[in-house]
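Chemist: This is what each chain is made of:
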Amino acid sequence: GENVEQHPSTLSVQEGDSAVIKCTYSDSASNYFPWYKQELGKGPQLIIDIRSNVGEKKDQRIAVTLNKTAKHFSLHITETQPEDSAVYFCAASKTGRRALTFGSGTRLQVQP
Amino acid sequence: SAVISQKPSRDICQRGTSLTIQCQVDSQVTMMFWYRQQPGQSLTLIATANQGSEATYESGFVIDKFPISRPNLTFSTLTVSNMSPEDSSIYLCSVEDPNSGANVLTFGAGSRLTVL
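Same order as they appear, the protein sequences are chains B and S.
Using this note's numbering, the first residue of the first sequence is number 10, and each one after it goes up by one.
Using this note's numbering, the first residue of the second sequence is number 69, and each one after it goes up by one.
FYI, nobody ran anything at the bench for these hints, they're computed from the structure.
Errors might be hidden in some of the hints.
Only pairs whose alpha carbons sit at most 25 Å apart, straight line, appear in this in silico DSS-like list of lysine-lysine [claimed, not checked]: (1) B:Lys80 / B:Lys103; (2) B:Lys51 / S:Lys75; (3) S:Lys75 / B:Lys46; (4) B:Lys80 / B:Lys67; (5) B:Lys46 / B:Lys80; (6) B:Lys31 / B:Lys103.
What you are looking at is a predicted structure, and each value in this text was computed from that prediction instead of being measured.
Make a model of the complete structure from these sequences and hints.
Modeler: This is how it looks when you write it as structure tokens:
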């Protein structure tokens, strides 16, 4: 089955800096790659996603890039703010298997 | 997007007992998923629950331990049976959002179980 690896496990940045979280996947048939943000005591919330027919997607301060050849994708957060502090999960799925396989998570701390 | 309500939000349970978690969605959805998140860990899929068919369990999860019901397109339950401290986790209901495209999952807030 699919295996998703995520790095780093923790990331601390100063407010205003950029943060990058990276994931690799094993199943070349995977074609959907979402990122979720989980705050303490809450369920994961989708923040951005990308499908395999595009290489990059942006939504304000958040962007995701996908390299299908290398089977890796990354989350980029620019101009970080304290409210960006949370655990971020990458995930992957494919046509025919709708459930997501998650990475191990990255705890992002933005220092004011 | 779909709104998911889970009950209970948290509970403290005694070893050997069973607890049923309810998941209610505000719209009809075909695919529902149950995930487990152990303390400080990632999300692991327990099973996929489609209305009108038996749930499909992932490797390492069995129906006797985690029976699931899916009586209609807006509701599902997950029971954690004969609990032990190792079952202390957050259990999350998730649905494929019908308004957001294939594979896009929305999650409930989770049910945090502590087994003593």
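Chemist: Would you mind marking each hint as holding or not holding in the structure?
Modeler: Against the structure, the hints:
Simply put, Lys80 of chain B and Lys103 of chain B have alpha-carbon atoms about 13 Å apart, close enough for the 25 Å limit, and the pair holds. With a C-alpha separation of about 14 Å, the suggested pair Lys51 of chain B and Lys75 of chain S falls inside the 25 Å cut-off, and the hint holds. For the proposed pair Lys75 of chain S and Lys46 of chain B, the alpha carbon gap of about 22 Å is at most 25 Å, so the pair holds. Distance restraint check for Lys80 of chain B and Lys67 of chain B: the Cα-Cα separation of roughly 19 Å lies within the 25 Å cut-off, and the hinted pair is therefore satisfied.
Simply put, Lys46 of chain B and Lys80 of chain B have alpha-carbon atoms about 22 Å apart, close enough for the 25 Å limit, and the pair holds. Distance check on the hinted pair: Lys31 of chain B and Lys103 of chain B sit about 19 Å apart at the alpha-carbon level, within 25 Å; holds.
In this structure, none of the earlier numbered hints is contradicted; all agree with it.
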